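Line order of the protein sequences matches chains A and B.
Each residue of the first sequence is one higher than the one before, counting from 96 in the numbering used here.
Each residue of the second sequence is one higher than the one before, counting from 95 in the numbering used here.
The hints are simulated quantities; they were obtained by calculation from the structure and are not laboratory data.
Hints should not be assumed to be uniformly reliable.
[As the list claims (entries may be wrong)] Footprint (simulated), chain A over chain B, 3 or more residues, beta carbon under 8 Å:
id: 1; region: 132-144
id: 2; region: 149-156
id: 3; region: 162-174
Note that the structure is predicted; figures quoted are calculated from it, not measured.
Note that the Cβ used here is the ideal one computed from N, Cα and C, for glycine as well.
Here are the chains, one letter per residue:
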Amino acid sequence: MATVTEAQSQPLFADPRERPFTARQLLEMDACTRCGECLRACDSFRVKGDEGVSLMGMIRRRRRLFREDGSLLRKLFRRDGTSDEAWSRYWEGVFDCTLCGRCEVYCPVGIKTRSLAIAMRQELATARCMLPPNLDRARDAVVEEGNIFGYPNQERALWAEFLDDLPADLLNKERADVLYFVGCVSSFSPAVQEIPQAFLRLLLKAGVDVGLLAGEEWCCGFPLIVGGLAKEAERVIRHNVEEGIQRFGAKTVVFNCPSCYYTWRRYYPLEGVRLMHSAEFIAELVRSGRLKFRAPETVFTYHDPCDLGRGLGVYDPPRQVLRALAGDAFVELTPSRERSLCCGGGGDVEIWDPELVGEVNNMLTSAVEKSGAQVVVQGCPQCKRTTQRGLSAKGSGVRSMDIAEAALTYGIFTDDAGDD
Amino acid sequence: MAQAKEFHLPDDLYYDRKEHIWARLEGEGVRTGLDAFGVCAAGTVAYVKLSPVGRQVQKGRAFGSMEAGKYVGPLKAPVSGTIAAVNREVLANPGLLNVDHYERGWLVVFTPRNLAQDIADLVHGPDVQPWLEAEVVEYEQKGMLKKKEERQCK
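For reference, chain A alone in the conformation it holds in the complex:
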């Protein structure tokens, strides 16, 4: 097995200018039968009404470009492959996909739709320099400041400094068993800074030797990878491994952001390091009997974040927590688990089309309202950000809460139950 250092000497991502698609992906594009099942699953298609935003449409347009580029007539007359207009039409669809991966569940021929869509973005953004508006600014922000918002990275732990009861040494720790990798959205967006505050309090209550990288935590690389700029992510990945694992000595890394968690699990060269989402950590506390709940008189539902559910298959731990918390007052959303709706905030789409995010989210908030729940629990800062905005715009009485907030609000640690 390669050590972390050795693994870093190899490029993590292939250069899409040399070979934009893998053999499997070329076969997948060929295998698409245009059955249209993916259209049923595609929220962006429902909003836009343009088949090109669905995988079927993307594949159809890309296949046409392949054909035009390789046609005998074009070769005979030495014409340059394809028209800019055809590429632009294809490009529009590819970057309006939220990469929720829902269509992958519906596809009868088993196309890995999400990784295919990311490969399409890679080809467009990196090999053809066709970036959607503002993605270049987001890329520069990550490269120059280390975070997607482009704000001074030294302020990354500000959310912790807002706490009245912040342990004095927390931000100065140089080593810890557990590293809490907070992520850009939770760190910088005041709409969701309660999430890291709640999760940190849970970790401390549980007696975990936890530390933060603060200004040395850089973006995990997810926005670059899904934006089609994976090569640019190599530097931030290397930095986070050096700082978090090699220097900090963490044996476990915990996350409240499924996209950071997904990126670390899929793309970070790690060995012997345990990675956990907050829902998994809280479920362990529940299973061990250390965390119990005072029964709230509230109906709860749970929304599966795309990167945590379809991306990593983490469906049961949050439900174990919510069943312990709410018992029969926990109701499932329709649809849920593998077919869960997207919040609209994925695939970097908010960077260039915030209206599309809101319209996709509208379908999720409608499902939440239909469930009869008073609280929708989520396990993702971006889901909470978009959903609470959507619920508020509707004037809904339903409240959005992260699983860490729910566990902290209603939980009692059995070892200090007498203190409450």
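Assemble the complex: chain A is given as a structure, and chain B must be docked to it using the hints.
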């Protein structure tokens, strides 16, 4: 009072030229907030978080964070000092920043540490007008400000 387009900036206040944070000297304290132009460029303010009373902050470092239609990020201190008061009303109702920038929409009060030194590079008095005019032009050229007919700023 300095004015450019629909933006009014009282010239008795001190302004951070990049962050559009205003500072008002009040006896021993320095009250701060976001100026009319900064608020308009940021859009409708949805969330504000502020550091607690007693926290020490250096000039240029964040004392809070804000999320608006076109801005997510820190609010930076115009002076160094200790936070002496936090506007709880604006925490509960961040929209106050959009409608009453200089009165009910204030953010925090600092007990300053190096006031004379810290306010030296803030814009004040007759310098406010040309600075504001230049800011409006720059923001419009960079597309960081909505067109006048689309703006709904006070």
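Here is what the structure says about each hint:
{"no.": "1", "hint": "132-144", "verdict": "holds (count 5)"}
{"no.": "2", "hint": "149-156", "verdict": "holds (count 3)"}
{"no.": "3", "hint": "162-174", "verdict": "holds (count 3)"}
The earlier numbered hints are all upheld by this structure, with none contradicted.
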